[in-house]
Amino acid sequence: MKKILVLMLSLILVFSLVACSKDDGGSDGGLIKVGVINNDPNESGYRTANDAAMRSTFTKENGYDANFYNNNDAAQQIATAQQMIQDEVDYLLLSPASTTGWDQVLKDAKTAGIQVILFDRMLEADEDMYVAAVVSDMAAEGKTAVDWLASQGLSEYNIIHIQGHMGSDAQVGRTGALDEKVAAEASWSYVTQQTADWSEETARTIVQSVIDAGTPFNVIYAENNGMARGAVAALDANGITHGKGGDVIVMGFDSDKWAFESVLSGSWNYMGLCNPLQAEKVDKIIKDLEKGTKPAQKIIYSDEPGFNCDTLTQADVDKFGT
Amino acid sequence: MSPSVKTPEAKTKKPEDSFFKRLIRQQLFIPIAALLLLVVFNLIADPSFFTISLKENSLGNPVLSGNIISVLDNASELVILAIGMTLVTAASGGQDISVGATMAIAGSVILRMVCGGQITSDTMQMNLFLAVLIGAVVAMLFGAFNGALVAYFKIQPMVATLIMFTAGRSIAAWINNNQLPIINDIAFKYAGTFLPGIPVPTPIFITVLVIFIFWLAMKRTNLGLYTQSVGINANSSRLNGLDPKLIKLMTYVILGACVAVAGFIRVSRSGSINYSRIAENIEMDAILAVALGGNALSGGKFNIYGSILGAYVIQFLTTTLYKYNVPSTALPAYKAVVVIALVVLSSPVVREKMSGLKKRPAKTAKEVS
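Keeping their order, the protein sequence lines are chains A and B. Those letters in the first sequence? Residues 439 to 760, per the working numbering, in order. Those letters in the second sequence? Residues 26 to 394, per the working numbering, in order.
One or more hints might be untrue.
[Said to hold, decoys possible] Residues of chain A placed beyond 12 Å of chain B at every Cβ, according to the derived structure:
id: 1; residue: Gly591
id: 2; residue: Ala622
id: 3; residue: Ala624
id: 4; residue: Ala641
id: 5; residue: Val670
id: 6; residue: Lys682
id: 7; residue: Leu715
id: 8; residue: Lys722
id: 9; residue: Thr731
id: 10; residue: Ile738
id: 11; residue: Asp756
[Unchecked claim] 25 Å max Cα-Cα, derived SDA-like pairs, lysine to any residue:
id: 12; chain 1: A; residue 1: Lys695; chain 2: B; residue 2: Ile180
id: 13; chain 1: A; residue 1: Lys441; chain 2: B; residue 2: Ile180
id: 14; chain 1: B; residue 1: Lys348; chain 2: A; residue 2: Lys441
id: 15; chain 1: B; residue 1: Lys348; chain 2: A; residue 2: Ser627
[Said to hold, decoys possible] Listed next, with one range per pair, are the computed distances between beta-carbon atoms:
id: 16; chain 1: A; residue 1: Met446; chain 2: B; residue 2: Asn152; range: 53 to 63 Å
id: 17; chain 1: A; residue 1: Asp617; chain 2: B; residue 2: Ala70; range: 25 to 35 Å
id: 18; chain 1: A; residue 1: Phe506; chain 2: B; residue 2: Ala70; range: 45 to 55 Å
id: 19; chain 1: A; residue 1: Ala513; chain 2: B; residue 2: Gln150; range: 38 to 48 Å
Because the hints were derived from the structure by calculation, they are not lab data. For each residue, glycine too, the CB sits at the ideal point set by N, CA and C.
Bound conformation, chain B alone:
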């Protein structure tokens, strides 16, 4: 699964001949190279980019502050979404474009629960854990709806999820009777800001936890293997005793759970929601993260860690652009340039060229694993 692990075979090759070529063939080469490029750029342009300082926030808590912390903090939702998106991509060979809208739904449900149906509330009306759980169930149901359309009705994922993409934000607004609920309870904001006494933003912990859960799932269960085999060939997986439909459906439900966590973080950052603006266009960034991670958007083999790195690269880029005062209207254009460069670089054709024109039946790490 992890291509960065050196295979025994690699040791037998002449190192000076193959190191660079092997490096370029690594699936994680592109996201790591992009990340390094951004780091080097910032080091040269203004090393103070990496300054981290300890401050005290308005509640008197010690907090860490700095660009790097901002990157890690703000990337949280995207990283969590990218993980789920990778599974969906691998199993169904398509992407869920409704994640932003479903985040709005999950956030709306959670807010409705903790506000107890009121517009503003100073204390939580419901146990936070329970509210998040309900939000997660709702998001997973919507995920199941998408998954059912894809798996059982064989609708193209992008078309199937277009339904929720279009309707999701209106549903989110409807859940709260078109009101914009606000919760002023500080405890609600712990998940999106800081826990008392802990200087690291809570979303970073949540992200690490989610990554850890998926790492465990990949190690201890057949989730990865099944997803991959369904993505590569649904028919042969079926002949081998798997239920491709169920597995596809499951990946969408898992994505739904990821969406709920991301939605929860997002609403708890501010304690409110703006249905048409919350997590706008995040689906595109999530898909981009999957692509940057070197995963084929047509499904099959996948590497979750590539997507995670891809998500951090995207956030790093955004933060860098903000730092250099690029107008936020121009951000998408700059992003597009970088995306074009990265996507072209990661295309198999260019990689083959880059790793030398010699014809060699060298096995790539992907094939080995």
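Extracted from the complex, chain A is given alone in its bound form:
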């Protein structure tokens, strides 16, 4: 038993060494060496699509020697970024888990002559510190959603607000727009405002507890689709109608195909698109930079409309669903 284990462990060790040496030797042969730092692909459907797109774009066939790292912990991301800088990657692609704490990484990259491109999420830094940012404008997404909600003309807005991971770019932007509106309008109020940390299960529990408390509500504003789904599960369990013509307006965000279908079928009212597919744009920027062309704009926002159950078409679902 023990011998087998020792054998297995040493085999694993040998394999991992082989894997490492392969990576090190790969930078030759005209490949562009990139380091990709992203969040955990299992966090949500959005991230899964985002990560998959990055991995399928930055391939050997496409002329890249890419190293991927996924973690939701900014400290781990920073440590890995520094490692990648030491490995002298040509480009560092970043989707920071937090908006702050990246100054030293950006400085080191600049000193080493490594170009930094942000994708998906912003961070707080001077514009000189990166070549380009292909990101979602979370505040605009929030504003589009809140404007749509306002256009529904309800006499009273009693909102269950389910927030994402506190401090993330997506949460800050989407919460900001709603907070502003609720503060400004007398007929808008929160029944509850809780973070479910992107968790469907927690979202369900939060909505169930509001229902148990007997407080009336007519809007669920969930900051991603998974949480909206959890909220809807609670509504269904209590026989509360939702969606088109229902008692409760259900709103979600991101780009999951199943969520699009929920809006299309009228089970949900609204989904704010958050486009996870920045990989192609980033790829184009790098290819241009290699030819010597700098991107025309520093910050490139994805076009992110909101879709509602009255106007969504199957064509949109096929075009934007992931």
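Given chain A, put chain B in place with the hints provided.
Chain B alone, transformed into the frame defined by chain A:
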């Protein structure tokens, strides 16, 4: 085994002198007191907390709804895990911190089976019972892996299970090729929501069934006795003809089965899975439930019913905090305060103080049993 049963000896004592003291020494005193405290608090603060109403869900089924139902329903996974965790704790003197990750694995396997490898599926591609069985076998294998590390390689349980704690969720994602599968078949959701025509959430029935199975196992088999004796002294159990390694391994496999049931309930609540969020931190609640139940985390004597009560206390607390709109970011802090209070209260030193400073060689119920 059950300390709440009055021993014949107790009757001979002067009741007015010893009742309170004996009460405090009961292993189940802390969880029951905590539960009563929460009930009383809610009764005073807002009696409507206990309202239960009969509604009709969106499928037209009659369903019961209310805070108490929510507590019983949402505690299901935790209760089932706490039972398995109690056995593991008792036998190996340590805890399995990988239960949340293994739940993700079990859930992932079950979903993969019923979705037939597709991302979304409107009907189940496999017999549900078979899918759950496969999920259970996988979870038990992972349990056996943990158990083998603990029993045969003598690795500290927390360190041994740290491996699956770290890797489990990635394995769960890998099982489904990093896709998030969704099953829309209503029959799949029966276990996590309601059976047609039955107004009580199905997880409550499953929990009762699991508790009943363990009650039977405790009554009819030597599982309890063996587990306990291995936990108290592995060497002397070995000299008495038991195989401590095998028994430790077995408790981890049993926990694996519990994990599979809990994972099944969790995925069937929504028909989907989010690998990094599903049952996040549930291992900590499960360990807490064991501790709240008055079980020594260093192993040995144990009381499954204490852990079950502990799990309900935790869920009751969570639901109460939600009810009073405590921000969910602040939940852990409130929980921590309560935990500190309960843990300190249940420490032998404080209990001794509480039951009076008189030195008396009174036997506690634990010793009697």
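The hints, checked one at a time:
The claim that Gly591 of chain A is not at the interface with chain B holds, since no C-beta of that chain comes within 12 Å of its own (minimum 26 Å). Here Ala622 of chain A stays apart from chain B, with its beta-carbon at least about 22 Å from theirs, past the 12 Å limit. With a least CB separation of 21 Å from chain B, Ala624 of chain A remains clear of the 12 Å interface cut-off, as annotated. For Ala641 of chain A, the requirement that its beta carbon stay farther than 12 Å from each beta carbon of chain B is not met, with the minimum near 10 Å.
For Val670 of chain A, the shortest C-beta to C-beta distance to chain B comes to about 9 Å, within the 12 Å cut-off, and the non-interface label is violated. At roughly 14 Å, the least C-beta separation between Lys682 of chain A and chain B is larger than 12 Å, which holds for a residue marked as non-interface. Listed as outside the interface, Leu715 of chain A is consistent with that label: its C-beta sits roughly 16 Å from the nearest C-beta of chain B, beyond the 12 Å cut-off. The beta carbon of Lys722 of chain A is kept farther than 12 Å from every beta carbon of chain B, the shortest such distance being approximately 25 Å.
Annotated as non-interface, Thr731 of chain A keeps its C-beta farther than 12 Å from every C-beta of chain B; the closest such distance is 34 Å. With a least beta-carbon separation of about 27 Å from chain B, Ile738 of chain A lies farther than 12 Å from that chain, consistent with its non-interface assignment. Every beta carbon of chain B lies more than 12 Å from that of Asp756 of chain A, the smallest distance being close to 15 Å; the non-interface claim holds. Note on Lys695 of chain A and Ile180 of chain B: the hinted pairing is violated, with a Cα-Cα distance of about 45 Å set against a maximum of 25 Å.
Proposed proximity of Lys441 of chain A and Ile180 of chain B is supported: the alpha carbons are some 17 Å apart, at most 25 Å. In summary, the hint linking Lys348 of chain B to Lys441 of chain A is not supported, as the alpha carbons are separated by about 56 Å, beyond the 25 Å threshold. The hinted pair formed by Lys348 of chain B and Ser627 of chain A meets the criterion: a straight-line CA distance of about 18 Å does not exceed 25 Å. Checked against the given bound of 53 to 63 Å, the beta carbons of Met446 of chain A and Asn152 of chain B, roughly 35 Å apart, lie outside it.
Roughly 28 Å separates the CB atoms of Asp617 of chain A and Ala70 of chain B, a value that falls within the hinted 25 to 35 Å. In this structure, Phe506 of chain A and Ala70 of chain B meet the distance hint of 45 to 55 Å, their C-beta atoms being roughly 51 Å apart. For Ala513 of chain A and Gln150 of chain B, the hinted distance range of 38 to 48 Å is satisfied, since their beta carbons lie about 42 Å from each other.
The structure shown violates the earlier hints numbered 4, 5, 12, 14, 16.
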